[in-house]
Amino acid sequence: MKILFAEDESDLRDVVSTYLAYQGYHVDAVSNGREATERATSDSYDAIVMDIMMPEMDGLTAMRKIRESGNTTPAIFLTAKSEISDRVEGLDAGADDYLTKPFAMEELSARLRALERRKRDYKIRIMTFGDLRLDTETCEIRAQNTIGLAHKEVRLLSFLMANADRGVTEEELLKEVWSNESVNPDTVWMYISFLRAKIQSVQAGVTIDGDRAHPFRLKEI
Amino acid sequence: MEQNHLYGSCGETMRRVMDSVMKRIEEYSSQYEKEHGEKLYEHLSGRIKSEESMLSKIRRLGLEENTQNALRSVTDSIGIRVVCLFIDDVYENVRQIRNLSGCRVVTEKDYIQNAKPNGYRSYHLILDFETEEPDAEGHTPGHYYVEIQLRTIAMDTWAALEHEMKYKKDIVNQELIGQELCRCANELAACDVSMQTLKRIIRGRYLPYENTVC
Chain U
0 MKILFAEDES DLRDVVSTYL AYQGYHVDAV SNGREATERA TSDSYDAIVM DIMMPEMDGL
60 TAMRKIRESG NTTPAIFLTA KSEISDRVEG LDAGADDYLT KPFAMEELSA RLRALERRKR
120 DYKIRIMTFG DLRLDTETCE IRAQNTIGLA HKEVRLLSFL MANADRGVTE EELLKEVWSN
180 ESVNPDTVWM YISFLRAKIQ SVQAGVTIDG DRAHPFRLKE I
Chain S
0 MEQNHLYGSC GETMRRVMDS VMKRIEEYSS QYEKEHGEKL YEHLSGRIKS EESMLSKIRR
60 LGLEENTQNA LRSVTDSIGI RVVCLFIDDV YENVRQIRNL SGCRVVTEKD YIQNAKPNGY
120 RSYHLILDFE TEEPDAEGHT PGHYYVEIQL RTIAMDTWAA LEHEMKYKKD IVNQELIGQE
180 LCRCANELAA CDVSMQTLKR IIRGRYLPYE NTVC
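Chains U and S supply the protein sequences, listed in that same order. Taking numbering that gives the first Met the number 0, the leading residue of the first sequence gets 0, the next gets one more, and so forth. Taking numbering that gives the first Met the number 0, the leading residue of the second sequence gets 0, the next gets one more, and so forth.
Only chain S is shown next, with the shape it has when bound in the complex:
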């Protein structure tokens, strides 16, 4: 199969699904902003995985190269990233996304509470989005997976650097750089947690010596 035909007739629908989910995220965010006077995220971006990298992923997984596998066996063909200022904002976005109509949360992975061994932190959600247009299996209404990654700006900066290291083949001292990146991740996480705590104190949500958030 030629790589620019992997998504076939679903390609256009995928873009509309992505736009639609992003529009809903913008909607709940502006509603939240009206009520609370502050934004829920700093950046919102979306991408359709290039057919080239989808093809190599399918091959890596040992699957047959067809639209169905690209869109139903692999779940990150449509990706959305929500980048927030504070950790609490990440979890508020997660709550809002769970309540979106017309889509169902298929899996959730909290890599903030359970950081990956290399230091990676993010919250991952996979949505099953229902659309009136047909899907890769020919069903109408159709179902499309949308992967949403939520993280703080610090986590996003870290992930950008880690991504660069991972995809650059000829790095000298790769192991050492990996160790130092992991240390940076732990320091950034410390800052995220400290700033979140200070924000709660400033807002008066932490009373002196109280164990819990009120």
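Bound-form chain U, shown alone:
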């Protein structure tokens, strides 16, 4: 499980990073909101843990920016403030949970486990790229006309759409779309082929770039 951790106090950053790494998490630690938004769009994470009060860009602004980009990664705010209004604002900015400092490390990792269990429920109903529109509820794509998608194709396309700013690797797709299933990389290219054919059949001005050596990425034709 890969975690993005944003905290400006270097001592706390080091202690939490070390603890989470010890728990088996891979942790990318940054020290402000601007770096957090950059990392959230240039990489893909299983969870985000973020401080509210940070220099350059505060956690609330960073959270809003991350959510605006279509990123639904589960997020926890760490806040020194115990004001109700801060917690409300944090949750409304797109966080899923919060912890008030000081907090117990065990509680942080328990909350991360709870978020992971619910991760599959996070879904945006309508996603778009160019003239291509994906409805994750009816499992259909639409451009000039409409066609149905298989469940795995929906997960694959929504991941490509959520990460349209960067390329995603075969390895990431295996993890994201075929989590906990024993499939080989040929499955990825078969589903990429299915999706390419379906995107073409609705006559969208969009294609999927990439091959075994290069990351997959949606591209407007």
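The hints are simulated quantities; they were obtained by calculation from the structure and are not laboratory data. Each residue gets a CB set at the ideal place from its N, CA and C atoms; glycine is no exception. All clues given are correct.
Just so you have them, the derived chain S footprint on chain U, three or more residues with Cβ under 8 Å:
#1 145-157
#2 197-205
With a Cα cut of at most 20 Å, we get these calculated EDC-like pairs of lysine to aspartate or glutamate:
#3 Lys198/S <-> Asp185/U
#4 Lys115/S <-> Asp130/U
#5 Lys115/S <-> Glu174/S
#6 Lys22/S <-> Glu11/S
#7 Lys56/S <-> Glu163/S
#8 Lys115/S <-> Glu139/U
#9 Lys151/U <-> Asp208/U
#10 Lys38/S <-> Glu25/S
#11 Lys33/S <-> Glu91/S
#12 Lys151/U <-> Glu186/S
#13 Lys22/S <-> Glu91/S
#14 Lys56/S <-> Glu146/S
The hints should help you fit chain S onto chain U, whose structure is shown.
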């Protein structure tokens, strides 16, 4: 005009035109089968539109009830349907039909790439077929329109059900059934496209990670 006289002396010629176009389709198909070892279509059928339904179509269009309008203003008096296994086969049939001698493609409508809002998918071609026999306007050689509809078996099954719904007047929940039919059309299209992709992969025409068909 009595309805069984709408086609007049052209009635017999229409049947011969239909048979002739169907024979040519059978011919290119058996030639293709010899070369590639597989059929280009599963079913081939033809019909002459009944004079009764032609008459109601002419009335609906507000035209005068005569042979000329039935055969030259309306273009589907002679209809042929080609039902295929795969989408690629539909387009191969279209290519073959375009190359048929003695007829000219007047219009083409690709409702596979541009499905109708209700979900209908098919490829429509209208041919202008030339015959030595006279036509509705008295010209010799005569010209007859032939409408050809090409589709996959899945599209054909869907169209059969949609046709039944359209012509049955007293269906309860017509709107709901229409919506569900549209969903079925999109699911069937998904299967058609997936099976076509698998066929290409099996045939080795899609190399891993290649963007295009080789």
